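Asker: Using the sequences and the accompanying hints, generate a full structural model.
Chains Y and V supply the protein sequences, listed in that same order. Each residue of the first sequence is one higher than the one before, starting from -10 at the first, in this note's numbering. Each residue of the second sequence is one higher than the one before, starting from 0 at the first, in this note's numbering.
Treat the hints as calculated values from the structure; they're not laboratory data. These figures come from a predicted structure and were not determined experimentally. There's no promise every hint is true.
[Unchecked claim] In the BS3-like style, the derived pairs of lysine-lysine whose C-alpha atoms are separated by at most 30 Å in a straight line are:
#: 1; chain 1: Y; residue 1: K145; chain 2: V; residue 2: K93
#: 2; chain 1: Y; residue 1: K73; chain 2: V; residue 2: K93
#: 3; chain 1: Y; residue 1: K68; chain 2: Y; residue 2: K225
#: 4; chain 1: V; residue 1: K166; chain 2: Y; residue 2: K68
#: 5; chain 1: Y; residue 1: K269; chain 2: Y; residue 2: K299
#: 6; chain 1: Y; residue 1: K225; chain 2: V; residue 2: K15
#: 7; chain 1: V; residue 1: K166; chain 2: Y; residue 2: K154
#: 8; chain 1: V; residue 1: K15; chain 2: Y; residue 2: K145
#: 9; chain 1: Y; residue 1: K145; chain 2: V; residue 2: K166
[Said to hold, decoys possible] Label pairs and their calculated CB-CB ranges:
#: 10; chain 1: V; residue 1: S167; chain 2: Y; residue 2: D86; range: 53 to 63 Å
#: 11; chain 1: Y; residue 1: Y166; chain 2: V; residue 2: P145; range: 36 to 46 Å
#: 12; chain 1: Y; residue 1: E312; chain 2: V; residue 2: Y7; range: 20 to 30 Å
#: 13; chain 1: V; residue 1: L14; chain 2: Y; residue 2: S150; range: 22 to 32 Å
#: 14; chain 1: V; residue 1: T201; chain 2: Y; residue 2: Y166; range: 57 to 67 Å
#: 15; chain 1: Y; residue 1: E87; chain 2: V; residue 2: M139; range: 49 to 59 Å
#: 16; chain 1: Y; residue 1: R311; chain 2: V; residue 2: D20; range: 52 to 62 Å
#: 17; chain 1: Y; residue 1: R311; chain 2: V; residue 2: L14; range: 56 to 66 Å
[What the hints assert, rightly or not] Where chain V lies over chain Y, by a calculated footprint (3+ residues, C-beta under 8 Å):
#: 18; segment: 63 to 70
#: 19; segment: 90 to 96
Heads up, the beta-carbon is just placed ideally off N, CA and C, and yes, glycines get one too.
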Amino acid sequence: MSAATPGDPVIGATPADPVSQATAADPVIDADRLTRRFNGFTAVDEVSFTIGRKEIFGFLGPNGAGKTTTINMLCTLLKPTSGKATLNGYDVVTQQDEVRQSIGIVFQDPTLDDQLTARENLQFHAMLYNVPPGEREERAERVLGMVGLTERARDKVMTFSGGMKRRLEIARGLMHYPHVLFLDEPTLGLDPQTRTAIWQHVHELRAEYEITVFLTTHYMEEAENCDRIAIIDNGKIVALDTPGELKHGVGGDIITLRSADSAATVKELQDKFSLEGTVKPASADTSGPAGDRIYLEVPSGRTLLPQILKNIETEIFSVTVREPTLDDVFLGLTGKQIREESVDKSDLMKTHIRRRRSMRGTR
Amino acid sequence: MKRFRAVYIIWLRDLKRHFRDRARIVGSLGSPIIFIFILGQGIGSTIGQNLTAFGANIDYKEFMFPGILGMTVLFAGVFASVSIVWDREFGFLKEMLVAPVPSWSIALGKVISGATIASFQGCLMLLLAPLVGVSVTPLMLAQLIPTLFLVSFSMTGMGVLVASRLKSMQGFQMIMNFIMMPMFFISGAMFPLANAPQWMDTLSKIDPLTYGVDALRGIMLPDIPSRYPFTTDILMILAISVTMLAIAISAFSRQT
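Answerer: Given below as structure tokens:
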């Protein structure tokens, strides 16, 4: 829970959250004001967070936000300009070999030797990471089975598809039983089917190997698979919480109504519930029945909806309630790609943050 | 000893790759063969035999053969170690750099694997010796193989040094034209340096291949007077190899 420092708009997890309690007790990664500058440009700016064992932790942000730079510092490829970090209890600057032995990494771009076979790639990795010779075969079989590549073990990697290569890299990253597996954009450029398969592997391996997974992504829907997410933008963490809490922080649900008389319905909503409805004419490309749609942003769609339906006299044809997505959260927090709703959301987020901070007693 | 494990692993991988790639093994013998049997034949027929500059009554092809051996080792060695650049482009270098092994062991592994591959290619060239008219005795072979390895070692050291500065394979053409070709021609591989102008003579003294070719020629063609005594050659190659290796390792460790 040391993620929040005064002045940073960081949302901590609620104290009741079991994952963050484990984090406080036994963090596997502890980053403290990690900073990296390149010729005056600050790629990562005083980033602090702790990650608990067996946690799936996501770094969500646009390209160039500092995700890969942070990973490179945590896996000792890059020295931090300032700040410090420990991984599995080892300092990433002074105990490089111990850190490296504790981690498995799947980079954005493939790092396989495509002239060698899948099994040879695993063997080579096992040798580099001090896996005892007697265990190499068995471990290779196990990880290959896990990612469904047993049949292709003797084929050269150059014959593999992009998805197979990524799976093989994940398998390779597990060969030395690391404590933390880093996945930098693990599903980038893969088809939806392979993406789903890779996520399945990630969840399986957490269950089977008791491993911590640290991943970066810029796919919002993927981040939902994480236990906790840090949203990073311009090198700073702007929010850190469970996906549910983050979405909750947006402040509500979105209700869409279609009625016989839009203007009358909006007026009724205004009079009876003090709700500001926005009317949008149905566009030609929208599927479903024609007619205007009324959008409402409400704190809790599920409880409010029955009351609305009971009290509105205009005939209502259809209703949908949508929970906010991480997309909404991200846009609200960073103000990027400003859409109609985002201004309100960022305000909501700020008040939400203020409210939470005053509740927790800001340090 | 644990530290040297990575050296062995990298050596093993490179050798696996090399021996799996038949086309490369045969292909890299292409230009030496062309040099001997076309250029060597052509020049040989033009200048005839009994050239005083050679210091002995021999065929030009014979004179040239140790030089071409040096060339084989130079090209194969530099090419093998410059594979670091390929590894960087195809990402595999990262797999090695992030492993719990010191970066000097990666550089050393590359130098040794490159030297092994280059001396293997050199040994393949030795099979052609009878066709050129050079007789290789077992005693010669016992001297030639370690010498070839030593010369290869200095060449691959240079290759790793170049590779740690080279960000993409596109720059390799430059290295080829401005380092490797001059090194080859100035070394005395193709012609005796006895009558060379002063500038060429000076340059040849800092060219590691000069000592390599001189040593190889000294072993294979004892009738031709050597430029330097054999021990001087070997000591010079050793000194250059160690220096190259030290610079290459420090350059490689500073990169990334």
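Asker: For each hint, tell me whether it holds in the structure or not.
Answerer: Evaluated hints:
The suggested pairing of K145/Y with K93/V holds, with an alpha-carbon distance near 19 Å, which does not exceed 30 Å. For the hint linking K73/Y to K93/V, the alpha-carbon distance of about 23 Å falls within 30 Å, and the restraint holds. At most 30 Å may separate the alpha-carbon atoms for a hinted pair to count; K68/Y and K225/Y meet this at roughly 18 Å. Restraint check: the Cα-Cα separation between K166/V and K68/Y comes to about 21 Å, which is no more than 30 Å; the hinted pair holds.
In summary, the hint linking K269/Y to K299/Y is supported, as the alpha carbons are separated by about 23 Å, within the 30 Å threshold. Note on K225/Y and K15/V: the hinted pairing is violated, with a Cα-Cα distance of about 45 Å set against a maximum of 30 Å. As the CA atoms of K166/V and K154/Y are separated by approximately 24 Å, the hinted pair is consistent with the 30 Å bound. Taken as a hint, the K15/V and K145/Y pair is honoured in the structure, with Cα atoms around 13 Å apart against an allowance of 30 Å.
Proximity of K145/Y to K166/V is assessed by CA-CA distance (about 26 Å); at most 30 Å being required, the pair is judged to hold. Judged by the Cβ atoms, the range 53 to 63 Å given for S167/V and D86/Y is violated: they are separated by roughly 30 Å. The supplied range of 36 to 46 Å is met by Y166/Y and P145/V, whose beta-carbon atoms lie about 43 Å from each other. For E312/Y paired with Y7/V, a C-beta distance near 56 Å fails the hint of 20 to 30 Å.
As the Cβ distance of L14/V to S150/Y is approximately 28 Å, the hint placing it in 22 to 32 Å holds. At roughly 59 Å, the beta carbons of T201/V and Y166/Y sit within the given window of 57 to 67 Å. Remark: the range hint 49 to 59 Å for E87/Y to M139/V is upheld by a beta-carbon distance near 51 Å. For R311/Y paired with D20/V, a C-beta distance near 57 Å keeps the hint of 52 to 62 Å intact.
For the pair R311/Y and L14/V, the beta carbons lie near 60 Å from each other, so the given range of 56 to 66 Å is met. Restraint check on the segment 63 to 70 of chain Y versus chain V: 3 residues with Cβ-Cβ distances below 8 Å, three needed, restraint holds. Check on the segment 90 to 96 of chain Y: 3 of its residues sit with their Cβ under 8 Å from a Cβ of chain V, so the three-residue criterion for coverage holds.
When the structure is compared with the earlier hints, violations turn up for hints 6, 10, 12 and for no others.
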